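Chains A and B, in that order, are what the protein sequence lines are. Heads up, the first sequence is in our numbering, so the first residue is 84 and it goes up one at a time. Heads up, the second sequence is in our numbering, so the first residue is 95 and it goes up one at a time.
Any given hint could turn out to be false.
Said to hold, decoys possible - Taking lysine to any residue and the SDA-like style, the derived pairs with C-alpha atoms no more than 25 Å apart in a straight line are:
(1) B:Lys-442 - A:His-188
(2) A:Lys-191 - B:Pro-117
(3) B:Lys-442 - A:Lys-470
(4) A:Lys-191 - B:Val-484
(5) A:Lys-191 - B:Asp-162
(6) A:Lys-191 - B:Arg-466
(7) A:Lys-191 - B:Val-487
(8) A:Lys-191 - B:Gln-437
(9) A:Lys-470 - A:Ala-319
Simulated from the structure, these hints should not be mistaken for laboratory data. Please read these numbers as outputs of a predicted model, since none were measured by experiment.
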Amino acid sequence: MPDPDIRPNRLDKAEIDKNFADLHPPLSRSEALIEADRCYFCYDAPCTTACPTGIDIPSFIQKIRSDNIRGSAHTILSENIMGGMCARVCPTEVLCEEACVRNTHEDKPVEIGLLQRYATDPIFEDSTRLFERAEASTKRVAVVGGGPAGLSCAHRLAMLGHEVKVFNRDPRRGGLNEYGIAAYKAVDDFAQREVDYILSIGGIEYQDNVELGRDVSLASLREDYDAVFVGIGLAAVNDLGLDKEDMPGVENATDYIADLRQAEDKSTLPVGRNVVVIGGGMTAIDIAVQSKRLGAERVDLVYRRGPEQMSASKFEQRLAQTSGVTVHHWLHPKLLHGSDHVSAIEFDKDGQSVVLEADVVFKAIGQKLADEQLANELQGIEILNGKIVVDGDQATSLEGIWAGGDCVAGGDDLTVSAVQHGKIAAIAIDSYLGGEHG
Amino acid sequence: MADLISEFLGIRSPNPFWLASAPPTDKAYNVNRAFEAGWGGAVWKTLGEDPPIVNVSGPRYSAIHSNDRRVIGFNNIELITDRPLQTNLDEMRQIKRDWPDRALVASVMLPMNEETWAKYVPMIEDTGADAFELNFGCPHGMSERGMGAAVGQVPEYIQMVAEWCKKAASIPVIVKLTPNVTNIVPPAKAAKDGGADAVSLINTINSIMRVNYDTLTMFPTTDGMGTHGGYCGEAVKPIALNMVAEIARDHETRDIPISGIGGISDWRDAVDFLALGASNVQVCTAVMVYGFKIIDDLTDGLSTFLDDKGMTSVADLVGKAVPSVTDWQYLNLNYVEKAVIDQDLCIKCGRCHIVCEDTSHQAITNSVNGERRFEVIDEECVGCNLCASVCPVDSCITMTQVPNDLAPGNWTEHPNNPMRKSK
Numbered sequence: 084m085p086d087p088d089i090r091p092n093r094l095d096k097a098e099i100d101k102n103f104a105d106l107h108p109p110l111s112r113s114e115a116l117i118e119a120d121r122c123y124f125c126y127d128a129p130c131t132t133a134c135p136t137g138i139d140i141p142s143f144i145q146k147i148r149s150d151n152i153r154g155s156a157h158t159i160l161s162e163n164i165m166g167g168m169c170a171r172v173c174p175t176e177v178l179c180e181e182a183c184v185r186n187t188h189e190d191k192p193v194e195i196g197l198l199q200r201y202a203t204d205p206i207f208e209d210s211t212r213l214f215e216r217a218e219a220s221t222k223r224v225a226v227v228g229g230g231p232a233g234l235s236c237a238h239r240l241a242m243l244g245h246e247v248k249v250f251n252r253d254p255r256r257g258g259l260n261e262y263g264i265a266a267y268k269a270v271d272d273f274a275q276r277e278v279d280y281i282l283s284i285g286g287i288e289y290q291d292n293v294e295l296g297r298d299v300s301l302a303s304l305r306e307d308y309d310a311v312f313v314g315i316g317l318a319a320v321n322d323l324g325l326d327k328e329d330m331p332g333v334e335n336a337t338d339y340i341a342d343l344r345q346a347e348d349k350s351t352l353p354v355g356r357n358v359v360v361i362g363g364g365m366t367a368i369d370i371a372v373q374s375k376r377l378g379a380e381r382v383d384l385v386y387r388r389g390p391e392q393m394s395a396s397k398f399e400q401r402l403a404q405t406s407g408v409t410v411h412h413w414l415h416p417k418l419l420h421g422s423d424h425v426s427a428i429e430f431d432k433d434g435q436s437v438v439l440e441a442d443v444v445f446k447a448i449g450q451k452l453a454d455e456q457l458a459n460e461l462q463g464i465e466i467l468n469g470k471i472v473v474d475g476d477q478a479t480s481l482e483g484i485w486a487g488g489d490c491v492a493g494g495d496d497l498t499v500s501a502v503q504h505g506k507i508a509a510i511a512i513d514s515y516l517g518g519e520h521g
Numbered sequence: 095m096a097d098l099i100s101e102f103l104g105i106r107s108p109n110p111f112w113l114a115s116a117p118p119t120d121k122a123y124n125v126n127r128a129f130e131a132g133w134g135g136a137v138w139k140t141l142g143e144d145p146p147i148v149n150v151s152g153p154r155y156s157a158i159h160s161n162d163r164r165v166i167g168f169n170n171i172e173l174i175t176d177r178p179l180q181t182n183l184d185e186m187r188q189i190k191r192d193w194p195d196r197a198l199v200a201s202v203m204l205p206m207n208e209e210t211w212a213k214y215v216p217m218i219e220d221t222g223a224d225a226f227e228l229n230f231g232c233p234h235g236m237s238e239r240g241m242g243a244a245v246g247q248v249p250e251y252i253q254m255v256a257e258w259c260k261k262a263a264s265i266p267v268i269v270k271l272t273p274n275v276t277n278i279v280p281p282a283k284a285a286k287d288g289g290a291d292a293v294s295l296i297n298t299i300n301s302i303m304r305v306n307y308d309t310l311t312m313f314p315t316t317d318g319m320g321t322h323g324g325y326c327g328e329a330v331k332p333i334a335l336n337m338v339a340e341i342a343r344d345h346e347t348r349d350i351p352i353s354g355i356g357g358i359s360d361w362r363d364a365v366d367f368l369a370l371g372a373s374n375v376q377v378c379t380a381v382m383v384y385g386f387k388i389i390d391d392l393t394d395g396l397s398t399f400l401d402d403k404g405m406t407s408v409a410d411l412v413g414k415a416v417p418s419v420t421d422w423q424y425l426n427l428n429y430v431e432k433a434v435i436d437q438d439l440c441i442k443c444g445r446c447h448i449v450c451e452d453t454s455h456q457a458i459t460n461s462v463n464g465e466r467r468f469e470v471i472d473e474e475c476v477g478c479n480l481c482a483s484v485c486p487v488d489s490c491i492t493m494t495q496v497p498n499d500l501a502p503g504n505w506t507e508h509p510n511n512p513m514r515k516s517k
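Take the sequences, apply the hints, and build the full model.
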């Protein structure tokens, strides 16, 4: 059996830099004005309905059209404080842009995502202050989790006058925006700039390297704070359920994506010659495309069902294909080959065996709350299918605890949805705390 | 193919498209290029007395743009020719010699005394020009000196100067009218009474384009100060069409030939002017935006249109729509139309609903049985055409007649009209 071929420097740095440049370069002013002109300013606009955060899209585009960029950004960020990141990572083709009425008669929606980026980029570049805090409330809220849900909740609570402390598990800020997004979707350290902007409103203390269960407990937070928001994401990865799954070479896609985002020089990352990715969601696409762009010779993305069932959008699926990833459907993982390192993975396709050589196998079939979290910290909170149950106000079954983002049941694992959860929870918490903004 | 040969006041040109007196006809170089491109005629940039006027060296033009920088409206503060009279006359003579089949018209603006006109008119006519066009329309600069629109706004002056010119000229005289008046018919009548052979309209409309949002001064300026200019381009066409139609249908002016000017950019604009009573048309802004090449679409489009209509010449089209223009009081108040929305074409933008709801008659639904759906509520619809006007999809909303048994009836005999005529 040949040694696994996994090594850095498969491509030189210049080529890698090119491969990881901005996936959707920003619009110039002329491009933005022309695109903005395509918006029909619909009544009760379907795009706004389709946006999980309910951004008034026709209004923000109207403001771009009249060169009122700051007003446009305010319209966006007042509904979605992460409107900058969402402009980069939202699967717009299944959200606002899918709903755009221009699809009906010309099959080409307004480029809402790019326009949103056009309107918001200057705000983060210049740290333009758009939001003021309400009169101080004396109430203190703990936010567990420093990602999109937690930051959104913290920002809204701070706006409403409350004091917030965010407990962030990681050494860097931003949760999945910092660790979980494909590098070419958030270039130039945008995630950190966005966090800086969010925190600049004041009233938010943000502490890194604090893990729920290890450094703080939900019980103590409930005692010490007037309310608690839990936005801890999903720390554990779903297993394939195969023998030898802990064998070297079988890796979690999310870990590698995080390493990739944190790498100073991406050419130093070890990359397999043959990479097999198991999964059909955004994470699977992200790891497959990035592996290819790092220089993997062959990348196979394998999904157990068809293209219609993939949770990755059509755009993402096309991106994989145009990036040179071979996409397979209707293949069920059956057997891992290799003794001290994976060498191949065998699939079942309608009773036939398909074997793909692999130096690395990435698991990207979803994440979950860790068993120990469920057994300890989250005990007493109603759980459904391994996720936290919340009501329409993002309240959990335990009084004084709200939750949002990927860790709650019924979600769609989108940044934009996490932001909306955080916003709804903050408004509900404010109401609970006697505020007048609920 | 329909013949586009045009005859205006006996002046033949291969097509009815002349370049209006303006920067594009400032000198032989430009006019040569225009004729090479196929333009039927040119009205030379307005001649004046020596010494020539002086133009500003700051911005003379500015534009109203769409977001993709398409020019919708255009403004200028350029004056008449700033070259010595003899230079212009020499070049005009040469142009007419080189292009005998094209119309060459001399636009003139002179001070208000008969001797001056008597002196210059024969000198200019000697170039071989086919006609004069008296510039009584220029609304900026020259009007401060008692010329241009300052003449065109006073019918008595129009008549007087037209008479002076006619007395000295043996070629036709066209009077170019200013739209900066409340009623265009008296100036047109004055031109006719002064013996003018035709009128041309419109000249530009007094205009200030906008302010500069940084300096909060008007825009554009010359060394910090600005002045109103003359507005033209697509945006002014409806104003021009109304004035042309008013002259074409007034019993006192309907027989005077009209050269139509104002925002003509494509052949359909020319059809508008011709059908509403102009015998030919003049173009300026469109060539200043795109160059002379647009003549190809103008001639080709018009010719194809005439073919489609079974017309063999431009003259067949002239005035066709004039009988359809009347006073409001004669409109049939018993005729009923209502909007019909083609649900197969509807893209569900909802614009028809919201404009009807907010600003009109609450006659369009936004949902039907819980579904996003826009339907006309016939009982509420007054047939105003707002929804069809704002709908972004061509032909999605149409106005359809609702037949009734009522005889035609207009305001003059309506019971609500206290001044009604008894039947």
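Consistency of the hints with the structure:
1. B:Lys-442 - A:His-188: Within the cut-off at roughly 10 Å; holds.
2. A:Lys-191 - B:Pro-117: Violated: Lys-191 (chain A) and Pro-117 (chain B) sit about 41 Å apart, past 25 Å.
3. B:Lys-442 - A:Lys-470: The hint is violated at about 38 Å.
4. A:Lys-191 - B:Val-484: 20 Å, holds
5. A:Lys-191 - B:Asp-162: Measuring from Cα to Cα gives roughly 18 Å; hence the hint holds.
6. A:Lys-191 - B:Arg-466: Holds - the C-alpha atoms of Arg-466 (chain B) and Lys-191 (chain A) are around 21 Å apart, at most 25 Å.
7. A:Lys-191 - B:Val-487: 14 Å, holds
8. A:Lys-191 - B:Gln-437: Roughly 20 Å between the alpha carbons, so the hint for Lys-191 (chain A) and Gln-437 (chain B) holds.
9. A:Lys-470 - A:Ala-319: 12 Å, holds
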